[in-house]
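S.K.: The chain contents come next:
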Amino acid sequence: MRRVQADLHDAAMVAFFALLIFGPFLGLRLGDGDANNLDLTGTPARLAWAVGLTFLARLGMLQWQHFRRPVPVRVASAVARSGRYVAPALLVFAVAMPLLPGIANAYVDLGVLIMTYVMLGWGLNIVVGLAGLLDLGYVAFYAVGAYSFGLLSTNFGLGFWECLPLAGILAASWGVFLGFPVLRLRGDYLAIVTLAFGEIIRLVITNWVSLTGGPNGITEIPHPSLFGLTFSMAGGPGTFAGFFGLDPHPEQRTAFLYYIILALALLTNWVTLRLRKQPLGRAWEALREDEIACRSLGINVRNTKLTAFAIGAMFGGFAGCFFATRDGFISPDSFTFIESATVLAIVVLGGSGSQLGVVLAACVMIGIPALLQSLQIYRMLIFGLALVVIMIVRPRGFISTRRPTVWLHKAREIGAELATHGPG
Amino acid sequence: MTILSVNDLTMRFGGLTAVNNVSFIAERGHITAIIGPNGAGKTTLFNCITGFYKPSTGSVTVAHGDKAIRLDRLPGHAIAKKGRVARTFQNIRLFAGMTVLENLLVAQHNRLQAATGFGVLGILGLGGYRAAERAAMERARHWLTLTDLYERADDPAGALPYGAQRRLEIARAMCTDPVLLCLDEPAAGLNPRESASLNDLLLKIRDEGTSLLLIEHDMGVVMKISDHIIVLDHGKKIADGTPAEIRADAHVIAAYLGEGDEDDPDAPVAEGAA
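Protein chains in written order, with the working numbering: chain A, 1 to 424; chain Y, 1 to 274.
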């Protein structure tokens with residue numbers, strides 16, 4: 001009896017807050033009565049619906065919490081065991097996706113977009129997930145990579161494949177350059193300074209009109225070629241379609257771009273997975289756990305942080321270079337703070353430090369809004385709700401356990417309660 | 001043979017002098033203990049020796065091989081690398097989310113990193129890296145066995161019981177291959193049985209050729225295993241000698257029991273402090 005009373009009280013409080021929040025949004029309607037006056041009409045019915053639904057939903061949620069049973073151990077361990085097949089299955093799907101019959105070009109295009117964010121997420125995961133440095137300005141390196149390629153190609157006529165390593169090197173040097181002064185900061189302070197650097201890079205690009213073209217951006221950035229074969233729609237000799245005797249089709253170019261970004265992303269993943277089992281990667285994770293202990297063990301904290309920053313930045317630069325060649329056009333608008341925030345959200349949502357988590361989170365963060373296009377104005381509402389629900393159900397991200405890098409007897413996953421994830 | 005010499009070391013924080021003109025010597029192959037009442041400046045002195053504070057004046061020199069290295073001039077991370085001085089912390093600082101074994105491998109970072117050829121050979125799995133890693137695993141196994149943690153090697157460090165965490169921190173420090181191991185209250189929070197096995201472990205470490213410097217409140221530990229004791233009070237050194245000498249020292253008794261206690265100068269310190 002007492003529990004029912006408590007539940008009703010709880011739900012009533014939630015409904016009250018819903019009334020406060022929804023009141024102005026749903027309870028009032030602003031209409032334009034005539035040319036000069038706006039009129040305000042009350043719509044109590046709508047408000048009552050919303051508040052009533054909230055009340056019932058909260059009541060339902062409480063009941064579910066009271067009566068849910070813990071997942072049986074057998075089921076939980078089966079789920080955990082099947083987890084190891086998720087990554088290979090996703091990989092096979094990713095490789096085969098553009099070749100599947102009946103897959104629309106738009107989906108391959110979406111695949112390219114998701115894969116770009118997977119790569120960015122993997123790059124940032126080195127900095128945030130492994131080394132525990134909260135970087136809110138990751139987009140700066142993405143921009144450096146994109147503009148490196150844009151400027152090198154339009155000014156010196158270099159192609160994508162020559163510029164790709166250069167863009168990575170330039171982004172990495174910027175990582176070191178920016179890292180030197182800021183890496184003595186920790187946690188929130190580091191986050192603020194990196195946020196500022198992201199903005200500085202964007203503002204410099206916007207205002208240095210003579211070099212970067214300012215807000216107009218750089219156009220006519222060349223598309224990548226396959227061993228000299230272009231993907232021109234004109235066909236004929238020297239093009240991919242002409243060489244293989246095919247009809248030129250935009251799908252060929254999209255699929256080609258898809259495989260480039262897939263290869264780049266897999267490179268990022270491979271290097272990260274290898275580094276995790278190396279002294280450097282272990283030092284990153286140790287740094288995330290306890291910086292002072294690292295110093296007492298003779299680890300050069302500054303250099304170790306710098307390598308994380310530089311390697312993360314390098315992959316950001318590769319992704320930026322790809323971004324420039326995909327669209328053939330770049331402008332400062334593509335490198336706003338929201339990009340950094342999206343990539344960071346992917347890393348956190350996936351579970352900082354988890355490579356598979358990044359993939360799942362990128363699919364959710366990029367895939368859901370794209371697939372919900374048809375829902376129009378409700379798209380972002382549903383998206384926001386989905387994120388809130390995910391963070392309530394899995395507060396430490398999709399994959400919050402940590403797998404040890406080395407073992408004597410048997411590797412056992414380290415539970416979320418012990419694994420420090422992300423910036424500590 | 002001297003392993004560590006501290007000369008005229010002073011540490012000031014603004015107007016507060018935490019350590020005032022302290023000099024002492026620690027012998028190679030000895031266990032040297034620093035004791036003193038709370039607030040005597042023991043941990044500050046310790047932090048100066050291990051590079052966490054830069055002393056206001058004075059010098060700290062460690063001698064190994066045929067070199068004398070000024071620790072107060074080294075950057076923090078080089079104390080362990082070049083100075084070969086390792087330390088533990090009063091409030092344990094393990095990598096809680098990493099396994100016991102990983103903790104011990106992180107401690108061997110510098111040796112392993114050197115074998116990876118700037119990471120490139122390591123990533124490709126080439127060169128001497130495999131041999132270096134095997135040697136690192138062997139060293140980790142050795143210390144796991146000595147600290148009785150072998151069975152728990154794959155457990156996260158944060159899941160170990162308190163006493164085991166203390167032992168792991170010592171094992172981790174020893175994996176850096178130090179000539180001098182500095183322990184900040186290693187027996188704090190241990191029960192008598194764990195405390196006794198800690199004594200054995202410390203003696204074993206000493207017999208393997210590493211000198212020890214420890215801060216300790218547990219007089220049972222200090223008096224039993226120390227070869228040499230230094231007593232601090234209010235930032236100054238008030239006594240320096242063997243356990244027997246310290247036990248009989250009037251200054252020390254006064255510091256621990258209060259000044260007015262002159263009528264019973266033979267009261268054993270051990271009881272007063274423990």
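These are computed hints drawn from the structure, not numbers from a lab. Note that beta-carbon positions come from the ideal geometry of N, C-alpha and C, so glycine has one too. Errors might be hidden in some of the hints.
Listed next, with one range per pair, are the computed distances between beta-carbon atoms [to be verified]: (1) Y:Pro161 / A:Phe93: 40 to 50 Å; (2) Y:Lys236 / A:Arg186: 29 to 39 Å; (3) Y:His234 / A:Arg186: 46 to 56 Å; (4) A:Asp10 / Y:His234: 52 to 62 Å; (5) Y:Pro161 / A:Val204: 28 to 38 Å; (6) A:Arg274 / Y:Gly65: 30 to 40 Å; (7) Y:Gly65 / A:Ala89: 49 to 59 Å.
S.K.: Now, for every hint given, state plainly whether the structure supports it.
M.R.: Comparing the hints with the structure gives:
Hint check: Pro161 (chain Y) to Phe93 (chain A), Cβ distance near 45 Å, so the stated range 40 to 50 Å holds. At about 35 Å, the CB distance of Lys236 (chain Y) to Arg186 (chain A) agrees with the hint of 29 to 39 Å. Under the hint 46 to 56 Å, the C-beta atoms of His234 (chain Y) and Arg186 (chain A), about 34 Å apart, miss the expected range. Range check, Asp10 (chain A) to His234 (chain Y): about 57 Å between beta-carbon atoms, so the 52 to 62 Å window is met.
The hinted range of 28 to 38 Å is not satisfied by Pro161 (chain Y) and Val204 (chain A), whose Cβ atoms lie roughly 55 Å apart. Separation of Arg274 (chain A) from Gly65 (chain Y) is about 36 Å and conforms to the stated range, judged on CB atoms against 30 to 40 Å. For Gly65 (chain Y) and Ala89 (chain A), the Cβ-Cβ distance of about 56 Å falls inside the hinted range of 49 to 59 Å, so the restraint holds.
The earlier numbered hints that this structure contradicts are 3, 5.
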